[in-house]
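Novice: Next come the chains, spelled out residue by residue.
There are 2 protein chains.
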Amino acid sequence: MKNVYRKTAFPVDQARTYLEPGPIVLVSSQYGQKKNVMTMGWYTVMEFNPSLVGCMITAANDSFELIRKSGCCVINLPTYSMIETIIGIGNDHGSSVDKFKKYQLKYSDAHTVAAPVLDDCYANFECRLYDKKLLNTYNFFIFEVTYAAVAKSPKYPQTAHYRGSGLFMVSGETASYKKLFKRKDL
Amino acid sequence: MKNVYRKTAFPVDQARTYLEPGPIVLVSSQYGQKKNVMTMGWYTVMEFNPSLVGCMITAANDSFELIRKSGCCVINLPTYSMIETIIGIGNDHGSSVDKFKKYQLKYSDAHTVAAPVLDDCYANFECRLYDKKLLNTYNFFIFEVTYAAVAKSPKYPQTAHYRGSGLFMVSGETASYKKLFKRKDL
Chain W
1 MKNVYRKTAF PVDQARTYLE PGPIVLVSSQ YGQKKNVMTM GWYTVMEFNP
51 SLVGCMITAA NDSFELIRKS GCCVINLPTY SMIETIIGIG NDHGSSVDKF
101 KKYQLKYSDA HTVAAPVLDD CYANFECRLY DKKLLNTYNF FIFEVTYAAV
151 AKSPKYPQTA HYRGSGLFMV SGETASYKKL FKRKDL
Chain B
1 MKNVYRKTAF PVDQARTYLE PGPIVLVSSQ YGQKKNVMTM GWYTVMEFNP
51 SLVGCMITAA NDSFELIRKS GCCVINLPTY SMIETIIGIG NDHGSSVDKF
101 KKYQLKYSDA HTVAAPVLDD CYANFECRLY DKKLLNTYNF FIFEVTYAAV
151 AKSPKYPQTA HYRGSGLFMV SGETASYKKL FKRKDL
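Here the protein sequences line up with chains W and B, keeping their order. The numbers in the first sequence follow our numbering, run straight up by one, and end at 186. The numbers in the second sequence follow our numbering, run straight up by one, and end at 186.
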């Protein structure tokens, strides 16, 4: 990994700008001395303010317990250029491999939570567990985004969107249709 | 709308192929004589089998009550070529406008639910309300996909992915990385 981004704080209520299009993301977490990172495709924005994101994290993943116990994680947005790392992280189990070492992931302390922030990713959304009502039945965590950092450039990164069966859709251009919208708050 | 698709039944446990990449979708519903259609961007796949999809549908939307009362809807996948219809449907309120007439939406009966299927969309996912535990607190419906129909061609349609503020990301190519995956069931 050799991405070097200059990132700045980004309004948490605008997290949708980067998450709503549906890119695959990397979720990093830590509990005590254990830290891990996983690949995630099943999540959705749920609210602007508080800034909520609902995430499926299977209990079979090592990250599940780290996040449940620590009550926090970071949702990191990788670019398509990181596709081999994205897939590798999804292949490996945190219990048998130190994925940070194996994939040479540089990381920093988060601003608001106790979980590693992935430096090579385009954006980082620090998350605190907000509601665990669906945790037992569906492994569905509802997080509040407590801090966001986004790269200054490019404005919109090329992202990878998973279809299952090893297939990824690669994001294309972003176009403005602002003039067609009656409500400006959507 | 002039799309003419030849659609065939599609395995419901593979709904992710088209929904996981995160395209904006059109949700159609009906209760008694009232029917409606809305634009939706906040949803996620939650399970393969049963095939579950979690969806945020604000109570302020006319569709909310139709879906809550009828317990079903259809998630229709429009292509980018329908962008003006997608935005128009998002602008209008079902209480004051018949969106089916205004946007000349052709529709058919569903196979498994009492809700209109949008013929001009690339794919249709018929949904039955599966769990309403988060309905009061978050307006979050968990649906089971009970039947899916997908166009035979093209294999992957060009879709629109919303970023907020009138901006859409347009989907690009689909590439296979199957060889890099250790587990073939992901």
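Because the hints were derived from the structure by calculation, they are not lab data. Hints may contain errors.
Stated by the list, open to error - Here are the simulated DSBU-like cross-link-like pairs (lysine-lysine), alpha carbons at most 30 Å apart as the crow flies:
#1 7/B to 101/W
#2 182/B to 101/W
#3 132/W to 133/B
#4 35/W to 102/B
#5 35/B to 178/W
#6 101/W to 132/B
#7 102/B to 34/W
#8 106/W to 184/B
#9 133/W to 106/B
#10 182/W to 102/B
#11 102/B to 69/W
#12 132/W to 132/B
#13 35/W to 35/B
#14 132/B to 34/W
#15 101/W to 106/B
#16 178/B to 102/W
#17 184/B to 184/W
#18 179/B to 69/W
#19 178/B to 35/B
#20 106/W to 178/B
#21 106/W to 132/B
#22 178/W to 184/B
#23 35/W to 184/B
#24 184/W to 7/B
#25 106/B to 182/W
#26 7/W to 133/W
#27 178/W to 182/B
Bear in mind the structure is a predicted one, so any value in this text is a computation, not a measurement.
Novice: Are the hints correct? Go through all of them and say.
Specialist: Now for the hints, and whether the structure bears them out:
no.: 1; hint: 7/B to 101/W; in the structure: violated (47 Å)
no.: 2; hint: 182/B to 101/W; in the structure: holds (19 Å)
no.: 3; hint: 132/W to 133/B; in the structure: holds (12 Å)
no.: 4; hint: 35/W to 102/B; in the structure: violated (54 Å)
no.: 5; hint: 35/B to 178/W; in the structure: holds (28 Å)
no.: 6; hint: 101/W to 132/B; in the structure: violated (42 Å)
no.: 7; hint: 102/B to 34/W; in the structure: violated (57 Å)
no.: 8; hint: 106/W to 184/B; in the structure: holds (29 Å)
no.: 9; hint: 133/W to 106/B; in the structure: violated (40 Å)
no.: 10; hint: 182/W to 102/B; in the structure: holds (16 Å)
no.: 11; hint: 102/B to 69/W; in the structure: violated (52 Å)
no.: 12; hint: 132/W to 132/B; in the structure: holds (15 Å)
no.: 13; hint: 35/W to 35/B; in the structure: violated (50 Å)
no.: 14; hint: 132/B to 34/W; in the structure: violated (36 Å)
no.: 15; hint: 101/W to 106/B; in the structure: violated (55 Å)
no.: 16; hint: 178/B to 102/W; in the structure: holds (21 Å)
no.: 17; hint: 184/B to 184/W; in the structure: violated (44 Å)
no.: 18; hint: 179/B to 69/W; in the structure: violated (35 Å)
no.: 19; hint: 178/B to 35/B; in the structure: violated (42 Å)
no.: 20; hint: 106/W to 178/B; in the structure: holds (27 Å)
no.: 21; hint: 106/W to 132/B; in the structure: violated (41 Å)
no.: 22; hint: 178/W to 184/B; in the structure: violated (41 Å)
no.: 23; hint: 35/W to 184/B; in the structure: holds (26 Å)
no.: 24; hint: 184/W to 7/B; in the structure: violated (36 Å)
no.: 25; hint: 106/B to 182/W; in the structure: holds (24 Å)
no.: 26; hint: 7/W to 133/W; in the structure: violated (34 Å)
no.: 27; hint: 178/W to 182/B; in the structure: violated (43 Å)
Hint check: violations occur at hints 1, 4, 6, 7, 9, 11, 13, 14, 15, 17, 18, 19, 21, 22, 24, 26 and 27; the rest are consistent with the structure.
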